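Trainee: Full structure from sequences and hints, please.
If you read the sequences in order, they're chains A and B. Counted from 1, the first sequence has number 155 at position 156 by numbering that gives the first Met the number 0; the numbering is strictly sequential. Counted from 1, the second sequence has number 358 at position 359 by numbering that gives the first Met the number 0; the numbering is strictly sequential.
Hints in this document: simulated from the structure, not taken from any laboratory. It is possible that some hints are incorrect.
Listed next, the in silico BS3-like pairs over lysine-lysine satisfying Cα-Cα at most 30 Å (straight line) [as the list claims (entries may be wrong)]:
1) B:238 with A:321
2) A:49 with B:283
3) A:198 with B:2
4) A:289 with B:199
5) A:337 with B:264
6) A:321 with A:310
7) A:349 with B:45
If you want the footprint, here are the derived chain B segments under chain A, 3+ residues with CB under 8 Å [as the list claims (entries may be wrong)]:
8) 49 to 62
9) 86 to 94
10) 150 to 164
11) 213 to 220
12) 244 to 255
13) 286 to 299
14) 324 to 336
This structure is a prediction, so every number in the text was calculated from the model and none was measured. Note that the Cβ used here is the ideal one computed from N, Cα and C, for glycine as well.
Spelled out, the chains give:
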Amino acid sequence: MGYDPANPMVDRITDIGPPHYAKFHPPIIANNKGKWLYHEIPQAGVLMHKSETGDECWTVRVGAARLISIELIREMCDVADAHCDGFLRFTTRNNVEFMVDSKDKVQPLLDDLASRGNKFPVGGTGAGITNIVHTQGWVHCHTPATDASGVVKAVMDELFDYFTSMKLPAQVRIALACCLNMCGAVHASDIAILGVHRKPPMIDHTRISGVCELPLAIASCPLGAVKPAKAEVDGKEIKTVKVNVDRCMFCGNCYTMCPAMPLADPDGDGIAILVGGKVSNSRSAPKFSKLVIPFIPNTPPRWPETVAAVKNILETYAKDAKKYERVGEWAERIGWEKFFEKCDIPFTIKSIDDYRLAYDTWRTTTQFKYTNHIK
Amino acid sequence: MAKHDTPLLDELESGPWPSFVSDIKRQAEKNPDCWDILGQLELSYKEKITHWKHGGIVGVFGYGGGIVGRYSDLPKMFPGVEHFHTVRVNQPASKYYSTENLRGICDLWEKHGSGMTNMHGSTGDMVLLGCRTEALEPFFWDLTHGMGQDLGGSGSNLRTPANCLGQSRCEWSCYDTEETCHHLTMHYQDEIHRPAFPYKFKFKFSGCPNDCVAAIARSDVAVIGTWRDDIRIDQAAVKEYVAGNFASNGGSHADGDWGAFDIQKEVIDLCPTECMWMEGGELKIDNAECTRCMHCINVLPRALRPGAQQGASICVGAKAPILDGAQFATLIVPFMEISADNEFENLIDFIETIWDWWMEVGKNRERVGETMQRVGLPTFIKVMGIEPIPQHVREPRSNPYVFWQDEEVPGGFERDVQEFRKKHAA
Numbered sequence: 000m001g002y003d004p005a006n007p008m009v010d011r012i013t014d015i016g017p018p019h020y021a022k023f024h025p026p027i028i029a030n031n032k033g034k035w036l037y038h039e040i041p042q043a044g045v046l047m048h049k050s051e052t053g054d055e056c057w058t059v060r061v062g063a064a065r066l067i068s069i070e071l072i073r074e075m076c077d078v079a080d081a082h083c084d085g086f087l088r089f090t091t092r093n094n095v096e097f098m099v100d101s102k103d104k105v106q107p108l109l110d111d112l113a114s115r116g117n118k119f120p121v122g123g124t125g126a127g128i129t130n131i132v133h134t135q136g137w138v139h140c141h142t143p144a145t146d147a148s149g150v151v152k153a154v155m156d157e158l159f160d161y162f163t164s165m166k167l168p169a170q171v172r173i174a175l176a177c178c179l180n181m182c183g184a185v186h187a188s189d190i191a192i193l194g195v196h197r198k199p200p201m202i203d204h205t206r207i208s209g210v211c212e213l214p215l216a217i218a219s220c221p222l223g224a225v226k227p228a229k230a231e232v233d234g235k236e237i238k239t240v241k242v243n244v245d246r247c248m249f250c251g252n253c254y255t256m257c258p259a260m261p262l263a264d265p266d267g268d269g270i271a272i273l274v275g276g277k278v279s280n281s282r283s284a285p286k287f288s289k290l291v292i293p294f295i296p297n298t299p300p301r302w303p304e305t306v307a308a309v310k311n312i313l314e315t316y317a318k319d320a321k322k323y324e325r326v327g328e329w330a331e332r333i334g335w336e337k338f339f340e341k342c343d344i345p346f347t348i349k350s351i352d353d354y355r356l357a358y359d360t361w362r363t364t365t366q367f368k369y370t371n372h373i374k
Numbered sequence: 000m001a002k003h004d005t006p007l008l009d010e011l012e013s014g015p016w017p018s019f020v021s022d023i024k025r026q027a028e029k030n031p032d033c034w035d036i037l038g039q040l041e042l043s044y045k046e047k048i049t050h051w052k053h054g055g056i057v058g059v060f061g062y063g064g065g066i067v068g069r070y071s072d073l074p075k076m077f078p079g080v081e082h083f084h085t086v087r088v089n090q091p092a093s094k095y096y097s098t099e100n101l102r103g104i105c106d107l108w109e110k111h112g113s114g115m116t117n118m119h120g121s122t123g124d125m126v127l128l129g130c131r132t133e134a135l136e137p138f139f140w141d142l143t144h145g146m147g148q149d150l151g152g153s154g155s156n157l158r159t160p161a162n163c164l165g166q167s168r169c170e171w172s173c174y175d176t177e178e179t180c181h182h183l184t185m186h187y188q189d190e191i192h193r194p195a196f197p198y199k200f201k202f203k204f205s206g207c208p209n210d211c212v213a214a215i216a217r218s219d220v221a222v223i224g225t226w227r228d229d230i231r232i233d234q235a236a237v238k239e240y241v242a243g244n245f246a247s248n249g250g251s252h253a254d255g256d257w258g259a260f261d262i263q264k265e266v267i268d269l270c271p272t273e274c275m276w277m278e279g280g281e282l283k284i285d286n287a288e289c290t291r292c293m294h295c296i297n298v299l300p301r302a303l304r305p306g307a308q309q310g311a312s313i314c315v316g317a318k319a320p321i322l323d324g325a326q327f328a329t330l331i332v333p334f335m336e337i338s339a340d341n342e343f344e345n346l347i348d349f350i351e352t353i354w355d356w357w358m359e360v361g362k363n364r365e366r367v368g369e370t371m372q373r374v375g376l377p378t379f380i381k382v383m384g385i386e387p388i389p390q391h392v393r394e395p396r397s398n399p400y401v402f403w404q405d406e407e408v409p410g411g412f413e414r415d416v417q418e419f420r421k422k423h424a425a
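Mentor: See below:
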């Protein structure tokens, strides 16, 4: 039995979808679904959900790298087998949740997790930072402008205290996307770490005919900067493209469509910081993250400048914001001019939008605050 | 025994946060190919640039998605990652697992792949990172026959739907997100596995306006739980909060020095519609003015609950920035009942109305939110057969250039300029 390469379509099974979720509910969940009354966070990383049946679900939330091995997953299974009737779950932010059905089972679970070195940090709840959602970076992607796992590890090491405590004004969601495609969708995060390119694509005339549909490459540019052109390869004239570099915004969409137009570069690439986004509708509407630091060079393995920039914004916010205020709500209340002043971040022309719909972000009122920007 | 020196990566083994470097090394002891992940990544750290080639079309027979091709651009130096394809396995709704199931997946990935994973990818799939092309069909055979599981989406198709954990472990969820997600995932297996769309299309299901699965920021159709009657209040519990006997926000601020709980300052004054007040020791809400933002419910979880007449708001067209900038999803249906009783018929009808239109008019690699921008919200609302209501906009338009239609103006557009000239000399 098993796959037979000579007869690949024999006994083939397709379109069966994922397993039914109810097979994986631990008993405490299966018995109380739809009956939950309220929850509490007795300590950072521990949640208690109370059911109308009187049952309590105690959840221990554990941070994990997004990039994990099956050896580590098996160890997570060992923990779940020992404490949680053989069930566990993952959150949308790459945390792992171990659930037990009574308070007295929590401490043994916490002790077990703590005995396994730094593999299972408990936290990520309430008014703190939780796991950083992120993309692949140099570990597994062809378009990144920075690494993902390494930057995240460096930032989380520095901010670890905020993961294991709940002392911020509100939850702070940090996210990283390693290029402007934003597979990580960092566009609505309190603090976004974004890989950016700064050099236009090169054109590999020797490869372009074989790997690229020229009209698609030309159409891929949102600013019409990619134009048809001719070039000479091995003494023969070929059809190719050229790039009007003055119009290039370094989005990389042409490279996505045409492998003969690579744009990554060790000096060109780096990190931008955007802040003030949120997804929740709580109090104020969802907000986009705004660009406050246009470029920080890539400095592996620990990206100290990026780590310092994130920490500075987080701690300035922590000192100044009111209870419940998200980073973006704080920045809007004090005014973005005050945000730059308080964070001591230089305001540059790069933070003024000059793309489509930019006018929405220009200030069209005489209301402003006098900050150190006004000489 | 390490195959490559990795002095830069080794610096990421210290510190309190779990180290992916230590973890890959642990996996490399079992599967030596993983040393080449570290070797190639070390080179990227040194040179500050990726060493993965652009794409590569690979997959399993009959599917147009679920596998993402990936090849090293230094295969001689790092043969263990010469082919290093991504396999997306459709996660169970809510991401609960039995250890039996997870161990099965681990065994399968030990047999066919590198042993490295992402739990989970941004869209929701289990992401198995790194296998050779010739391993794909045997893996798929074992996944379907041995595990009874299937691949997720990639490319211009319906991407793997995802949900917050909803009613399974949350008191706020206004519909059964995991049942909705599972039902629609099963209903649309063909659309997930065989790309037929202009571009990717995503569903996400959040149980309440806190939107823990980021539906409004990330999905083409965002189904976000809400209610249409009154917030349920337990006045006795309100008194306990006011007396300081219950921790506000479930205790989420316990480690900060915020002083005693103040219901006026922390709830009533932060209500965006100013529709709450205290009267005779009771918390009053003018529910007709409430926009269901969740703040008061978040702060007083033992006293306040969403109303009992529950359903969802449907928003359409969110996307990340590529290309015309990021978009949030736009509110199209303020309230829809979401029920397994009619097999989600109204939601399915809504989705398929969008698809019928978008598959016709959407351009290559145009998300539906971009198509909406291109044709305008009025056109989209007409296509959907929905009455325009003020809830569709934040404010009415300020520019006066309305596209009136021929049939809307008495006498139509056709006029005789000669007749006009008889009364108006040139």
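Trainee: Confirm or reject each hint.
Mentor: Quick rundown of the hints versus the structure:
Between residue 238 (chain B) and residue 321 (chain A), the direct Cα distance comes to roughly 24 Å. Compliance with the 30 Å bound is thereby established for this hinted pair. About 25 Å separates the Cα atoms of residue 49 (chain A) and residue 283 (chain B), which keeps this hinted pair within 30 Å; it holds. Restraint check for residue 198 (chain A) and residue 2 (chain B): not satisfied, since their Cα atoms lie roughly 34 Å apart, outside the 30 Å limit. For the hint pairing residue 289 (chain A) with residue 199 (chain B), the CA-to-CA distance comes to about 25 Å; that is within 30 Å, so the pair holds.
Using a Cα cut-off of 30 Å, the hinted pair residue 337 (chain A) and residue 264 (chain B) holds, with the two alpha carbons roughly 24 Å apart. For the hint linking residue 321 (chain A) to residue 310 (chain A), the alpha-carbon distance of about 18 Å falls within 30 Å, and the restraint holds. Between the alpha carbons of residue 349 (chain A) and residue 45 (chain B) the distance comes to roughly 29 Å, so the proposed pair stays at or under 30 Å and holds. Residues of the stretch 49 to 62 of chain B with a Cβ under 8 Å from some Cβ of chain A number 9, which satisfies the need for three, so the listed coverage holds.
With 6 residues bearing a CB less than 8 Å from a CB of chain A, the stretch 86 to 94 of chain B meets the requirement of three and the coverage assertion stands. Only when three residues or more bring their CB closer than 8 Å to a CB of chain A does the claim for the stretch 150 to 164 of chain B stand; here the count is 3, and the claim holds. Using a Cβ-Cβ cut-off of 8 Å, 4 residues of the stretch 213 to 220 of chain B lie near chain A, which meets the minimum of three, so the contact claim holds. Interface restraint, the stretch 244 to 255 of chain B with chain A: holds (9 residues with C-beta to C-beta distance below 8 Å; minimum three).
Using a Cβ-Cβ cut-off of 8 Å, 6 residues of the stretch 286 to 299 of chain B lie near chain A, which meets the minimum of three, so the contact claim holds. With 3 residues carrying a beta carbon less than 8 Å from a beta carbon of chain A, the stretch 324 to 336 of chain B meets the three-residue requirement, and the given coverage holds.
Violated hints amount to a single one, hint 3; each of the other numbered hints is respected by the structure.
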